[in-house]
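Chemist: Chain residues, written in single-letter form:
Number of protein chains: 2
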Amino acid sequence: MAEYNFSIANTLTTLILERKYSTVRDILVTMNPSDIAYIFAELEEDRLPVFFRLLPKELAADTFVEMEADAQELLIRGFSDTELREILSEMYVDDAVDVIEEMPANVVRRILEQADPQMRKEINEILRYPENSAGSIMTTEYVSLRPAMTVEEAILRIRRTGVDKETIYTCYVTKNRTLLGLVTVKDLLLAEDDEMTIADLMETNIISVNTHTDQEEVAQMFSKYNFLAFPVVDAEYRMVGIVTFDDAMDVMEDEATEDIELMGGMLPSEKPYLRSTVFELFKNRILWLLLLMVSATFTGMIITSFESALAAQVVLTTFIPMLMGTGGNSGSQSSVTVIRSLSLGELEFSDIWSVVWKEVRTAVLCGVALSIACFGKLMLIDRMLLGNPEVTVMVALVVCITMALTVLSAKIVGAILPMFAKKLGLDPAVMASPFITTIVDALSLLVYFGVANALLL
Amino acid sequence: MAEYNFSIANTLTTLILERKYSTVRDILVTMNPSDIAYIFAELEEDRLPVFFRLLPKELAADTFVEMEADAQELLIRGFSDTELREILSEMYVDDAVDVIEEMPANVVRRILEQADPQMRKEINEILRYPENSAGSIMTTEYVSLRPAMTVEEAILRIRRTGVDKETIYTCYVTKNRTLLGLVTVKDLLLAEDDEMTIADLMETNIISVNTHTDQEEVAQMFSKYNFLAFPVVDAEYRMVGIVTFDDAMDVMEDEATEDIELMGGMLPSEKPYLRSTVFELFKNRILWLLLLMVSATFTGMIITSFESALAAQVVLTTFIPMLMGTGGNSGSQSSVTVIRSLSLGELEFSDIWSVVWKEVRTAVLCGVALSIACFGKLMLIDRMLLGNPEVTVMVALVVCITMALTVLSAKIVGAILPMFAKKLGLDPAVMASPFITTIVDALSLLVYFGVANALLL
Numbered sequence: 093m094a095e096y097n098f099s100i101a102n103t104l105t106t107l108i109l110e111r112k113y114s115t116v117r118d119i120l121v122t123m124n125p126s127d128i129a130y131i132f133a134e135l136e137e138d139r140l141p142v143f144f145r146l147l148p149k150e151l152a153a154d155t156f157v158e159m160e161a162d163a164q165e166l167l168i169r170g171f172s173d174t175e176l177r178e179i180l181s182e183m184y185v186d187d188a189v190d191v192i193e194e195m196p197a198n199v200v201r202r203i204l205e206q207a208d209p210q211m212r213k214e215i216n217e218i219l220r221y222p223e224n225s226a227g228s229i230m231t232t233e234y235v236s237l238r239p240a241m242t243v244e245e246a247i248l249r250i251r252r253t254g255v256d257k258e259t260i261y262t263c264y265v266t267k268n269r270t271l272l273g274l275v276t277v278k279d280l281l282l283a284e285d286d287e288m289t290i291a292d293l294m295e296t297n298i299i300s301v302n303t304h305t306d307q308e309e310v311a312q313m314f315s316k317y318n319f320l321a322f323p324v325v326d327a328e329y330r331m332v333g334i335v336t337f338d339d340a341m342d343v344m345e346d347e348a349t350e351d352i353e354l355m356g357g358m359l360p361s362e363k364p365y366l367r368s369t370v371f372e373l374f375k376n377r378i379l380w381l382l383l384l385m386v387s388a389t390f391t392g393m394i395i396t397s398f399e400s401a402l403a404a405q406v407v408l409t410t411f412i413p414m415l416m417g418t419g420g421n422s423g424s425q426s427s428v429t430v431i432r433s434l435s436l437g438e439l440e441f442s443d444i445w446s447v448v449w450k451e452v453r454t455a456v457l458c459g460v461a462l463s464i465a466c467f468g469k470l471m472l473i474d475r476m477l478l479g480n481p482e483v484t485v486m487v488a489l490v491v492c493i494t495m496a497l498t499v500l501s502a503k504i505v506g507a508i509l510p511m512f513a514k515k516l517g518l519d520p521a522v523m524a525s526p527f528i529t530t531i532v533d534a535l536s537l538l539v540y541f542g543v544a545n546a547l548l549l
Numbered sequence: 093m094a095e096y097n098f099s100i101a102n103t104l105t106t107l108i109l110e111r112k113y114s115t116v117r118d119i120l121v122t123m124n125p126s127d128i129a130y131i132f133a134e135l136e137e138d139r140l141p142v143f144f145r146l147l148p149k150e151l152a153a154d155t156f157v158e159m160e161a162d163a164q165e166l167l168i169r170g171f172s173d174t175e176l177r178e179i180l181s182e183m184y185v186d187d188a189v190d191v192i193e194e195m196p197a198n199v200v201r202r203i204l205e206q207a208d209p210q211m212r213k214e215i216n217e218i219l220r221y222p223e224n225s226a227g228s229i230m231t232t233e234y235v236s237l238r239p240a241m242t243v244e245e246a247i248l249r250i251r252r253t254g255v256d257k258e259t260i261y262t263c264y265v266t267k268n269r270t271l272l273g274l275v276t277v278k279d280l281l282l283a284e285d286d287e288m289t290i291a292d293l294m295e296t297n298i299i300s301v302n303t304h305t306d307q308e309e310v311a312q313m314f315s316k317y318n319f320l321a322f323p324v325v326d327a328e329y330r331m332v333g334i335v336t337f338d339d340a341m342d343v344m345e346d347e348a349t350e351d352i353e354l355m356g357g358m359l360p361s362e363k364p365y366l367r368s369t370v371f372e373l374f375k376n377r378i379l380w381l382l383l384l385m386v387s388a389t390f391t392g393m394i395i396t397s398f399e400s401a402l403a404a405q406v407v408l409t410t411f412i413p414m415l416m417g418t419g420g421n422s423g424s425q426s427s428v429t430v431i432r433s434l435s436l437g438e439l440e441f442s443d444i445w446s447v448v449w450k451e452v453r454t455a456v457l458c459g460v461a462l463s464i465a466c467f468g469k470l471m472l473i474d475r476m477l478l479g480n481p482e483v484t485v486m487v488a489l490v491v492c493i494t495m496a497l498t499v500l501s502a503k504i505v506g507a508i509l510p511m512f513a514k515k516l517g518l519d520p521a522v523m524a525s526p527f528i529t530t531i532v533d534a535l536s537l538l539v540y541f542g543v544a545n546a547l548l549l
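Chains as they are written, first to last, in the numbering used here: chain A, 93 to 549; chain B, 93 to 549.
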């Protein structure tokens, strides 16, 4: 698909240059807002307003929401007050909030000035909630019903008010703003008797989230319960909004990306890779690299303090990369598994002992298998095939014992650190591979020289 | 929530032992299927059938779908044919297929025998599609409408047939099984005139997926377009089923987990961490560990061949971990970024030159910054603070030049390998950190000794 969009952008530019505006409009209206936003991103910046003004109002608003923040800002700065007001009136409140969160202060002020008073109030309410909370991603536009309504009255109400609601398929039953239950449009349509009341029909075992619930937890609830939307309630169980599945999908994707970036030793990025500037990439990457380089001083110090031993048995140096590599890999396997399970809500801090016990047994299996394989490799490849006489049985034994102990300590450290990070309220993903590798590197060297000292020297 | 479920499981067991079956039933029917499945997983295995039989038919089926494969198998083996038939008749086809895919052959045969002929036909059809394709995750239970129907007729049809459909909110307009358009229940309810025909109302710019479309691509389309469902068509554009957002969420989560596991140097797991046995964990982890240990032979060989140089300048050994560590981290930063972008569909193989160019520039910035910091660290910490006279300016220069060159090559290798993996039809995530670290380790050593040879010896 990506390939075909590129040529569409060129075609559209040619048509605009030939002033065939109605043709461009005819093409654009057949398309989906996401695709239009994608194509707009390929255009030269100064042509964007011309294209955008060709879109019908509703499509314009839907496309606007899908665009990148810098393009949105460019457009807003070019909008007249009337244009801005029109676009805002077509947008859902939560989408407007998403836009606002990316804009500089003077643009935010203009947006709030042009939003109608009701919307402005709702925007301000959502902006009050902490970042990454359910309150900050919810929308206030849901269908609410009264318990005494009949099915027929409820359907009438949906027909009358539904056009501005983000979803009409789940309706919430409230009394004095307190959440009593929910009914789906499916329930209403399939109800056998139009005179039944909502109170008869509604589901009262409601699963709701609090305004302060973390967005990652909300996303987990979507994947667990497969609902279209969750009601968001405040501390007094008054209904204040809904979070819909599409927001949850974005959260799931963003949180997974963030975890992956942290695991890869980077600060989380704000933009897709191809849109990030080189300097932004540099900024996100250099911090960890510097930190880890400096912390490698410890491994250097350990080697220095065993320099005389190494000079006597230079063959030991040969196996440092293998030992550190195996330790690093073992540790990152455990940490990555634990971090992902924490993210998916499959693990709690209270599981720490069962995690450690599982990792210890896995480490013993892995350590024994690796040591045997390593001993074989050292004897067959290094000693016989490569003819290195320095690789004696004793040296091989030192390497293999170190290997087993390194795997064991790496797996324990790798599993425990993310759990403590979680306990301390940090993102467990910061405790991933690069960090653990550094610790394990130091550990494996200490074990190595310790074992070597005991057996060889 | 996890904490409170544990005590519920105990309470329920106590009640069962006291034969208070109706109390247990009363408690369970207030709960959501996912929560019941969660609690059931905490029970002793042999009590499971007793509990399960207390559930009303529909709730039983919904709970069954949410359970782990081994519990499902246990239950099926205990079911009478009538029980099995009843559960199946309450299940959606795609859920039945999910269950079947986890069962041994003799259980599968029994399920197919007990399914009604229509369902059996549909199950077999879905089972024919390749694993991870849209066809394999779709359901055949959607609402189809004819273009000539009026809004009123359409609503009547939904009311009559909707109860068995996975979603009624998006309805598909077909003629001779060819997909013509779609209407949502929102469109139908908000239509101004009940006598309008579906043909007037329907959206004809439909975004559909093919039966063979990869499930990861389908999941990406959900997060791009925010639809509730996508129609699945065959090669002749005949409608064969729908994929709904809840399936897409599961796919998104599974694919992210799979990527993360591969990036961590493991084979993808089948089960959640706490449910995996130690032997399963061992099996998923040992392969990569062995492979990477053996491939570390190369780094060992490189060191061996420079043994005499190292014996003369043992101080060089001190910096091997830092250089290899920085190289490995730089490479994994790039590979992780590229792998994630490929997974999200933000990158194509054709972008390879812009990726390389971006990485080269980022690498130069990182390399220069690191080298300067490293030079400072070597002079201030190693030479002055730790008083190591062997760390001369020349040695520091060798280390810093190696650092910059290693970062450059690591970032290029890290970015390119996943893209070639994708091109070759492999999962790019196999080219992640552990693999790239091994290559970069070898590269950095070669550069190190090369530079040292030129400047020092």
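Errors might be hidden in some of the hints.
Since the list gives no way to pick one copy over another, a pair counts as held whenever it fits inside one copy or between any two copies.
[Claimed, not checked] The calculated lysine-lysine pairs, modelled on BS3-like cross-linking and capped at a C-alpha distance of 30 angstroms, are:
#	residue 1	residue 2
1	Lys278	Lys267
2	Lys316	Lys149
3	Lys316	Lys375
4	Lys278	Lys257
Note that these hints are calculated values from the structure, not bench results.
Chemist: With reference to the structure, classify each hint as holding or not holding.
Modeler: The hints, checked one at a time:
no. : hint            : verdict
1   : Lys278 - Lys267 : both (22 angstroms within a copy, 25 angstroms between copies)
2   : Lys316 - Lys149 : between (37 angstroms within a copy, 21 angstroms between copies)
3   : Lys316 - Lys375 : between (36 angstroms within a copy, 28 angstroms between copies)
4   : Lys278 - Lys257 : both (17 angstroms within a copy, 10 angstroms between copies)
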